[in-house]
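Protein chains in written order, with the numbering used here: chain A, 1 to 138; chain B, 1 to 138; chain C, 1 to 138; chain D, 1 to 138.
Since the hints were made in silico from the structure, they are not lab data.
What you are looking at is a predicted structure, and each value in this text was computed from that prediction instead of being measured.
Incorrect hints may appear among the rest.
[Unchecked claim] In silico negatives: residues of chain A with every beta carbon more than 10 Å from chain C:
hint	residue
1	Thr36
2	Asp41
3	Val75
4	Glu136
[Said to hold, decoys possible] Label-pair ranges, simulated between beta-carbon atoms:
hint	chain 1	residue 1	chain 2	residue 2	range
5	D	Asp85	C	Ala102	34 to 40 Å
6	D	Gly82	A	Ala129	34 to 40 Å
7	D	Glu48	C	Gly20	38 to 44 Å
8	C	Gly116	D	Arg67	46 to 52 Å
9	B	Gly97	D	Ala51	53 to 59 Å
10	C	Ser83	D	Met44	27 to 33 Å
The beta-carbon is built from N, C-alpha and C at its ideal position, and this holds for glycine as well.
Each chain, written out:
There are 4 protein chains.
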Amino acid sequence: MPEGYIHRIRVRYADTDKMGVVYHGRYFEWFEAARTEMIRDGGMAYSELEAQGISLPVMEARCRYRRSVSYDELVRIRTWMGSVDRAKLVLHYEVMGETDDAVRVEATTVHCFMDGRGRAIRAPKEVLAFFKRMVERM
Amino acid sequence: MPEGYIHRIRVRYADTDKMGVVYHGRYFEWFEAARTEMIRDGGMAYSELEAQGISLPVMEARCRYRRSVSYDELVRIRTWMGSVDRAKLVLHYEVMGETDDAVRVEATTVHCFMDGRGRAIRAPKEVLAFFKRMVERM
Amino acid sequence: MPEGYIHRIRVRYADTDKMGVVYHGRYFEWFEAARTEMIRDGGMAYSELEAQGISLPVMEARCRYRRSVSYDELVRIRTWMGSVDRAKLVLHYEVMGETDDAVRVEATTVHCFMDGRGRAIRAPKEVLAFFKRMVERM
Amino acid sequence: MPEGYIHRIRVRYADTDKMGVVYHGRYFEWFEAARTEMIRDGGMAYSELEAQGISLPVMEARCRYRRSVSYDELVRIRTWMGSVDRAKLVLHYEVMGETDDAVRVEATTVHCFMDGRGRAIRAPKEVLAFFKRMVERM
C-alpha cells in the first residue's frame, strides 16, 4: 500500500452534529482539501488546472465509517492515487487520529476530466503524465 | 411591524453541532432560503434576476441568538423588508417555533445591487419598483 | 423497483460551489432529510427513536453523480428501503428534477442500530417490525 | 489596535458558492476555528473548558463583507479580544489575503458563559483571569 500524502485537519464545532462527532457528509470536504494539497505537493495547484479549463469533478464517492471522530481532535488524512488513465482518476483516503493508526473512516473518489464547457474529455497528455508521475512517486 | 413572509424549515442533523442545537453559522443559509422564497412569492425568482445580470450580495449581516433551536424542530422564519433605495436593500428575519411566538434568533442582512462583472450598481428602475411594491405590501 | 417516498428540496446558493452546481458532499444532507421524512411519513419521528435511546448512524455511503443539479432547481429525492435485518438497514436514493425523470444522482446508505452509549446493538423487535412494515409498504 | 492572533485558512471548493467566492455564512466557521486556535495559543483548549462544564456560546454576531475571497486563496484571519467581564466576551476578526493587508471581511462575535445545563453563568474566577491575561497580552 503506498505511503500517500498526509494532510492534517483539526475538527471544528461546525463539523460536528448532535451526536458529538463529525457529521458523515462533512468528510467529503476534508477529502477535497486533502486531495488538493496532495496535488499541490506534487507540483500543481488545482486552481491552475482550472485556469487551463480542466476540472476533475467527482463522479463517484464511497465511504466507510468505522470509528467516529470527535470535536477538537487533530486527524491525519492519508491520500493516495489508486489509478489514472485518460478517462478517470481514482483516489483513496484514510482518516486516522494524530497518535494512533486505527482507521476511522476510509473512502474512495472517482473523478473524470472535464473541459470548461462541462463536457467529459480525455485527459490531455501533460495532465495524464503529471498524475502518472504521482502514482509512481507514492 | 410588518407581517412579513413566513418560510418553514425542519432542522436537520446536519444543522446541529455537538451542543445539540443549530450551529450559529447555519442560520445564514436559512435566511438565504427565506428571502429567496419571499421574493419568489412577490413574483420574481432570484435566479431570473441573476439571468438579467443582477445579483444582491450580502454586504452586512447581524444576528442575535436568544434561545437555541433543536434537532427536528419545525421553525418559522418571518422575513420582511426594512428599506430599499437605489444603493441597498435591508431585510429583517425572526426565527420562531411552529407553535410559540418566542423569538429564538433575530437578524438583519444588508445587500447591494451588483452587475454581472461584480461591480456595485444603482438598482435598475424596474428592480427598484419591484422591491418598493414588496415594502408596501408588507 | 419500489415507488418509494418523494421528498422535495429547493437548491440554495449555500448548496452550490464555484462550478455553479450542487457540491458533491451536500447531497448527504439532502439524503438525511429525505430518509427522516420518509420515516416520519411511515409513522415514526427519528427524534422519538432517539428519545428511546436508539440511533441509526451511517456505516457506509455510496453515491454516483450522473448529471449536475443547478441553483434554484426544485428536485425530487426518491427514497426507498433496500433491506432491513437486526444488524442493519439499507436505504437507496435517487435525485431527479421536478419535471423530468432523468436520474441526476443515485446513492445508498447503510445504517446500523446503536444504543445511547454508542454501542452497536441488535434492532429491538418493535423497531425491526416498523422497518419491515415500511419495506412491505413500498 | 492590538496585533492579535493570526490563523491561516486555505479556501476550499466547499467554501465557495456559484458566484465563485466564499459564501457569506461560511466565514462564521472560520471565525470559530480562528478563536479556538487563539485560545489554544493562549494556553487553554476550548475542549478542556468544555470538559469543566463551561462553554462560550455565540450570543451575537456581526459581519461586514468588503471584498470577496476566492477559491484556493490562502487567507489570514486576525483575531483579538475586545473586552471581557464576568458576563461576556467580545472578539473581533479581520480576514486578509496572504500578501496584502486589505481587509476583506471584518466581524465581531459576543459570547456569554454557559454551564453544563445550558444556563448563562458568571465567568468563574480562573476563566476570567485567563481571558484578562489574553486581553493584556495583545
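Chain C versus Glu136/A - minimum CB to CB distance exceeding 10 Å, so not interface:
holds, 28 Å
Range first: 53 to 59 Å. Now tell me if the beta carbons of Gly97/B and Ala51/D are that far apart.
violated, 31 Å
Falls inside 27 to 33 Å, the C-beta gap from Ser83/C to Met44/D?
Violated: the Cβ-Cβ distance is about 48 Å, outside 27 to 33 Å.
C-beta pair Asp85/D, Ala102/C: status relative to the range 34 to 40 Å that was hinted:
violated, 59 Å
Verify this label for me: Asp41/A is non-interface relative to chain C, using a Cβ-Cβ cutoff of 10 Å.
Non-interface label stands for Asp41/A: nearest chain C Cβ at 22 Å, farther than 10 Å.
Go ahead and decide if the range 38 to 44 Å is satisfied by the Cβ distance of Glu48/D to Gly20/C.
holds, 43 Å
Confirm or reject the statement that Val75/A sits farther than 10 Å, beta carbon to beta carbon, from all of chain C.
holds, 17 Å
Distance restraint evaluation - Gly116/C, Arg67/D, Cβ atoms, bounds 46 to 52 Å:
Roughly 48 Å apart at Cβ, these two residues keep to the hinted range, so it holds.
Beyond 10 Å from every chain C Cβ: check whether that's true for Thr36/A.
The assertion about Thr36/A holds, with a minimum of 13 Å to chain C.
Evaluate the given range 34 to 40 Å for the C-beta pair formed by Gly82/D and Ala129/A.
violated, 53 Å
In this structure, the earlier hints numbered 5, 6, 9 and 10 are contradicted, and the remaining ones agree with it.
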